[in-house]
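Could you build all of it, start to finish, from the sequences and the hints given here?
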Amino acid sequence: MKSSQLLRTILGLLVLASFARAQEGFFSSWEDRTRATLQLVRFDLVRQITPSEITAWNYGNSKGLDIVPWYKTEFDITVPPYLDHNSRTTKDGFGDVSLLLKYRILADNETHPYAISVSLGGTVPTGNFANGSQTGTIAPTVYGGKGFRRFDAQSSVAETLPTGFTAKQGRPLAWNSVVQYKLGKFFWPEVENNATYFHGGPHAGKTQDFVTPGLILSKFKLEHDASNRLSLTFGAGEQIAVSQYHSYNHGLVFTSRLAF
2 MKSSQLLRTI LGLLVLASFA RAQEGFFSSW EDRTRATLQL VRFDLVRQIT
52 PSEITAWNYG NSKGLDIVPW YKTEFDITVP PYLDHNSRTT KDGFGDVSLL
102 LKYRILADNE THPYAISVSL GGTVPTGNFA NGSQTGTIAP TVYGGKGFRR
152 FDAQSSVAET LPTGFTAKQG RPLAWNSVVQ YKLGKFFWPE VENNATYFHG
202 GPHAGKTQDF VTPGLILSKF KLEHDASNRL SLTFGAGEQI AVSQYHSYNH
252 GLVFTSRLAF
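Heads up: the sequence shown begins at 2 in my numbering, then just goes up one per residue.
Keep in mind the hints are simulated off the structure, nothing from the lab. There is no bait here: all hints are sound.
Simulated restraints on C-beta separations:
| id | residue 1 | residue 2 | range |
| --- | --- | --- | --- |
| 1 | Leu231 | Ser53 | 42 to 50 Å |
| 2 | Leu102 | Val243 | 29 to 37 Å |
| 3 | Ala168 | Arg89 | 28 to 36 Å |
No experiment lies behind these values; they were computed from the predicted model shown. Glycine included, every Cβ here is placed at the ideal spot set by N, Cα and C.
Structure (structure tokens):
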């Protein structure tokens with residue numbers, strides 16, 4: 002594909018890919034613990050059921066354009082997601098803008114595949130009608146992963162630090178882990194655990210934990226050239242609450258990605 006055609010494709014998908022990071026109460030961490038640096042455009046769609054039996058939708062879900070501008074470095078650019086609460090008492094609207102910078106510290110993709118990365122993410126309080134945070138946030142994260150032939154395991158730990166009103170918003174610590182197994186050429190069944198430990202804020206002392214079975218279909222190459230990275234990936238999963246406290250349940254998530 003010519004560079005101009007590729008650029009138009011990326012820009013077109015970016016317009017469709019509305020998203021934000023770290024929206025409390027919305028499933029924003031699926032596949033975010035990726036151990037390596039990636040270059041892609043991604044769009045997610047999430048459905049959740051609240052404790053009051055209301056179905057809510059998140060269009061975009063903290064995803065968008067991820068680029069690798071320098072060696073071992075990834076930069077993620079975001080635009081707000083649109084949150085549809087499906088409720089008369091809660092207004093729909095856009096969430097916060099967010100950015101993320103990731104650096105791969107160690108990696109070996111040949112004999113003993115593994116990788117260790119760190120990132121620094123941040124959000125800007127651009128959400129309307131209380132669909133975003135009161136202040137900006139900073140989120141340092143550590144990622145690690147190891148491959149064993151067709152099996153791999155990945156994990157990440159992140160803490161969200163508000164830039165203001167810390168006592169009111171708290172400093173949640175998120176620990177996400179996943180195991181995947183490759184079946185055939187395209188199928189990657191996986192099971193993920195998403196745990197959030199709340200420190201301070203309205204949910205202080207509580208733990209929210211989900212188990213997420215899912216299936217990734219990857220990669221569908223768009224070019225015959227083996228060195229060309231242009232490919233499509235699709236996936237789906239359901240986030241099931243396993244903790245006594247949970248702000249939602251049965252979070253269906255659908256993902257699509259264009260790698261380049």
